[in-house]
Amino acid sequence: MGPSISLQSVSLRYENNCILENISLTLDAGKCHVIMGPNGGGKTSLLRSMLGLTPFKGGINIHWSENPGKVGYVPQKATFEPSLPLTVLDFILLNQSRSPLFFNFNKKHKTKALLQLARVGMADRAMLRMGQLSGGEQQRVLFAQALLDTPDLLILDEPTNGMDDQGVRYFESLIVELVKENKTIIIVHHDISAVRRLEATVHVVNGELLESGDASEVLKAHKIEQLFNHYRATSCLNSTQIHPHNNEVA
Amino acid sequence: MDWLRLVASQGAEAGWLSESFSYAFMVNALVAALLVGPLLGGLGTLVIAKRLAFFSEAVGHAALTGIAIGVLLGEPPENPIIGLFCFCMLFALLLHFVRNRTAVPYDTLVGVFLAVALAGGAALLMYVARKINIHMLENVLFGSILTITDFDLLVLAISCTLIVVGLMFTFNRILLASISPDIAKVRGHNTHFYDYLFVMMITLVTIAAVKIVGAVLVGALLLIPGATARLMTKSMGSFVLLSSALATLSCLIGTLLPMELKLPIPSGASIILVAATFFLIATMYRIILQRR
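Each protein sequence line maps, in turn, to chains A and B. Residue numbers for the first sequence follow our numbering, beginning at 1 and rising by one. Residue numbers for the second sequence follow our numbering, beginning at 1 and rising by one.
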């Protein structure tokens, strides 16, 4: 069972630039949550705060049902140098095993890595260099990496970026499968019709939390233009300076 | 080590080995080459993956100041290991520390540190020149197989064992921390720890290789075999193995060749020229392959 996550008055500021202001929210366990909003609205910063990758003010608590479980993460973008001979299989093994790549003769490791790649339709490209893949293919590999430890909490930052239609559909079916297994999934997504298909809880963020609820409620046609306007609802004028260590992810 | 020198000498007398093997210093140099070669090649792949080529060069050049400080503090000019070790380690760690705490681009920062270290070294060498024959420093800067002692081999063996054991457990994590630090952090890896560990490994291998390759040229041997292997390999495993093999071959051939051909050139220069020849061949191979 995936965890629930509660955010209490989360604020984030880079120098004088206010990114997030006073966000309080509870993400229910075992459900799919989609964070949406205009560009620059602070969606990625919110995800990074949940993962403890960015200093913030306020509190974020992850409530595991038993012991803390595994977390899978797909970043918004990963840059792979085309000339570096790092194959798709290498990248998965790197995340999966401690045996150094130049000394990894364990067939079980390779079989497990190939199985994960097959799950995202990339097994036949296992020997290609990461830098040779298209953006969508790299996203698939990053998704396979996130699924490696059968995580209970999956945090995905625009995972379908650059993916073709087939890839997006495949990704959506995997998400549905994972939700059935009671995993908690948090996705930053831009595609409104794709989010409607996911039947997720949607949280619209633009500096602050604008709206939260079922996709069918939040993504009504008359609301969309207002919610996704590239206009910052909050100016953070009254917010205080954030100190890097004044944060908490429990 | 005596038994090995005896075997080599007997081999040379019996005509199985070249006459060069009858010299004890040659056997010492070849053992040093066999120890340091695979390590330089293996670490070089991470230097390339982490884009730290300029950094490893800077650490090598900082050795100039380290040597000068060591000599000024009373260490023997042919082996100022404590001054060299302390200064290079401090230089590398401080550079990395400042990098993690400022927004200055890394290449700019390395350039500043390198310039300061070289300027400091140049200034101190004026004082060193009053104490010793300045030409003795050439051995440390460009390598000299004549100066490798049993003690050096012991230090080399300990350094190499430490680094190899460290790499066996941390190679994947060091690589992941450089390719995708965010994923590494989410997986619970302390990326700062792995960064600093790698910096310490580079510094240690630089110091360990000073006698054979020379402080100024060791950065090149971290880089060239890796750059060659990158042109020829298709996976990370073969990249590391080929780079290690090329670095070891360069060390062995570069040590033997001047002796066999009776060329009066330092071992460091010879090793780098051999490594560069491999690189040229690999580059030509790639160009020909692309034309087909």
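There may be inaccurate statements among the hints.
Heads up, simulated SDA-like pairs for lysine to any residue below, C-alpha to C-alpha not over 25 Å straight-line [stated by the list, open to error]:
id, chain 1, residue 1, chain 2, residue 2
1, A, Lys108, B, Thr170
2, A, Lys112, B, Glu75
3, B, Lys234, A, Leu84
4, A, Lys112, B, His192
5, B, Lys131, B, Ile179
6, A, Lys108, B, Gly166
7, A, Lys110, B, His192
8, B, Lys234, A, Gly136
9, B, Lys50, A, Lys108
10, B, Lys50, A, His222
11, A, Lys77, B, Gly111
12, B, Lys50, A, Phe103
13, A, Lys108, B, Ser238
14, A, Lys112, B, Lys131
These are computed hints drawn from the structure, not numbers from a lab.
Exercise for the section: Starting from Lys50 of chain B, check that the Cα of Phe103 of chain A is at most 25 Å away, please. Expected result: Roughly 20 Å separates the two Cα atoms, so the pair holds.
Exercise for the section: With a cut-off of 25 Å on the C-alpha distance, tell me whether Lys50 of chain B and Lys108 of chain A pass. Expected result: violated (29 Å)
Practice task
Could you grab the alpha-carbon distance between Lys77 of chain A and Gly111 of chain B and see if it respects the 25 Å cut-off?
Solution key: violated (29 Å)
Practice task
Assess, step by step, whether the Cα of Lys110 of chain A is no farther than 25 Å from the Cα of His192 of chain B, and give holds or violated.
Solution key: Violated, because 29 Å separates the two Cα atoms, which is more than 25 Å.
Practice task
With a cut-off of 25 Å on the C-alpha distance, tell me whether Lys108 of chain A and Ser238 of chain B pass.
Solution key: Holds. Lys108 of chain A to Ser238 of chain B sits at ~19 Å (cutoff 25 Å).
Exercise for the section: Take the C-alpha atoms of Lys108 of chain A and Gly166 of chain B, compute the straight-line distance between them, and say whether it is at most 25 Å. Expected result: Given pair Lys108 of chain A, Gly166 of chain B holds - Cα atoms ~24 Å apart, limit 25 Å.
Practice task
Please work out if Lys112 of chain A and Glu75 of chain B have their alpha carbons no farther apart than 25 Å.
Solution key: Not OK: Lys112 of chain A and Glu75 of chain B at ~55 Å, beyond 25 Å, violated.
Problem - 25 Å Cα cutoff - pair Lys50 of chain B, His222 of chain A - result: Distance of about 49 Å is beyond 25 Å: violated.
Problem - Holds or violated: Lys112 of chain A to His192 of chain B, with C-alpha atoms at most 25 Å apart - result: violated (29 Å)
Handout entry: 25 Å Cα cutoff - pair Lys112 of chain A, Lys131 of chain B
Key = violated (63 Å)
Practice task
Given the hint that Lys108 of chain A pairs with Thr170 of chain B, test it: the Cα-Cα distance must not exceed 25 Å.
Solution key: Holds, at about 20 Å.
Exercise for the section: With a cut-off of 25 Å on the C-alpha distance, tell me whether Lys131 of chain B and Ile179 of chain B pass. Expected result: violated (47 Å)
Comparing the model with each numbered hint stated earlier shows that hints 2, 4, 5, 7, 9, 10, 11, 14 do not hold.
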